[in-house]
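Take the given structure of chain B and dock chain H to it, following the hints.
Chains B and H are the protein sequences, given in the same order.
For the first sequence, the working numbering begins at 1 and goes up steadily by one.
For the second sequence, the working numbering begins at 1 and goes up steadily by one.
There may be inaccurate statements among the hints.
Partial list, derived from the structure: chain H residues whose beta carbon lies under 8 Å from chain B [what the hints assert, rightly or not]:
#1 Tyr48
#2 Ile51
#3 Gly100
#4 Pro106
Hints were generated in silico from the structure; no laboratory data involved.
Quick reminder that beta carbons are idealized off the backbone N, C-alpha and C, glycines included.
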Amino acid sequence: AQRVTQPEKLLSVFKGAPVELKCNYSYSGSPELFWYVQYSRQRLQLLLRHISRESIKGFTADLNKGETSFHLKKPFAQEEDSAMYYCALMVDSNYQLIWGAGTKLIIKP
Amino acid sequence: DGGITQSPKYLFRKEGQNVTLSCEQNLNHDAMYWYRQDPGQGLRLIYYSQIVNDFQKGDIAEGYSVSREKKESFPLTVTSAQKNPTAFYLCASSMGQGWGEQYFGPGTRLTVT
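Excised from the complex, chain B in its bound form (with noise of 0.2 Å):
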């Protein structure tokens, strides 16, 4: 069954620190993955997808096969960065998004 994990509910790092948000995905097709995010009192948006290979934000995410991840990345946080991160998995065979449980990124000054 197609699943998207992200371990943490919650991480907290302090500004100019590095920051990697953790994706895992379990899925038989050929993976399609996005980050979305959704920042206080803002509606969820689309960050970013492995496809455009394109840096948003600052941050990045590859996609890497062999251990079925697509972890976020940013390698100096700001406090602008605080917010609920979701990865989703669109699967193929209907073209839907399965959606992780989301991390909260909290970066502290």
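Below, chain H alone, put in the same frame as chain B:
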């Protein structure tokens, strides 16, 4: 303000009553979705619609119903058959099937007592 609107923001109902949550979009998107979000869990898909007058059950459709009579609108009815209806409900839309970027509404928090 364009995008997706959901109303109301908070909704309270007595057990046994059906309740309809509104979702409207002006993005000209073909696909629309309803998700349920419970504490500590990811979003779970209730229903989705790829085109007007057509919709499909998601993973947790039991106790819910939808309609898609207009491209802009995708209302969700939480029926009395839904055993645990108290939750946060999110509506989303995307350009079409296969578009991973979904645009979300602000959500409706439903409390049933």
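Now for the hints, and whether the structure bears them out:
A hinted interface residue such as Tyr48/H counts as satisfied when its beta carbon comes closer than 8 Å to some beta carbon of chain B; here the least separation is about 7 Å, so the hint holds. For Ile51/H, the shortest C-beta to C-beta distance to chain B is roughly 13 Å, which exceeds 8 Å, and the interface hint is violated. At about 5 Å, the closest approach between the beta carbon of Gly100/H and any beta carbon in chain B falls short of 8 Å, and the interface hint on this residue holds. Interface restraint check for Pro106/H: the shortest CB-CB distance to chain B comes to about 6 Å, inside 8 Å, so the restraint holds.
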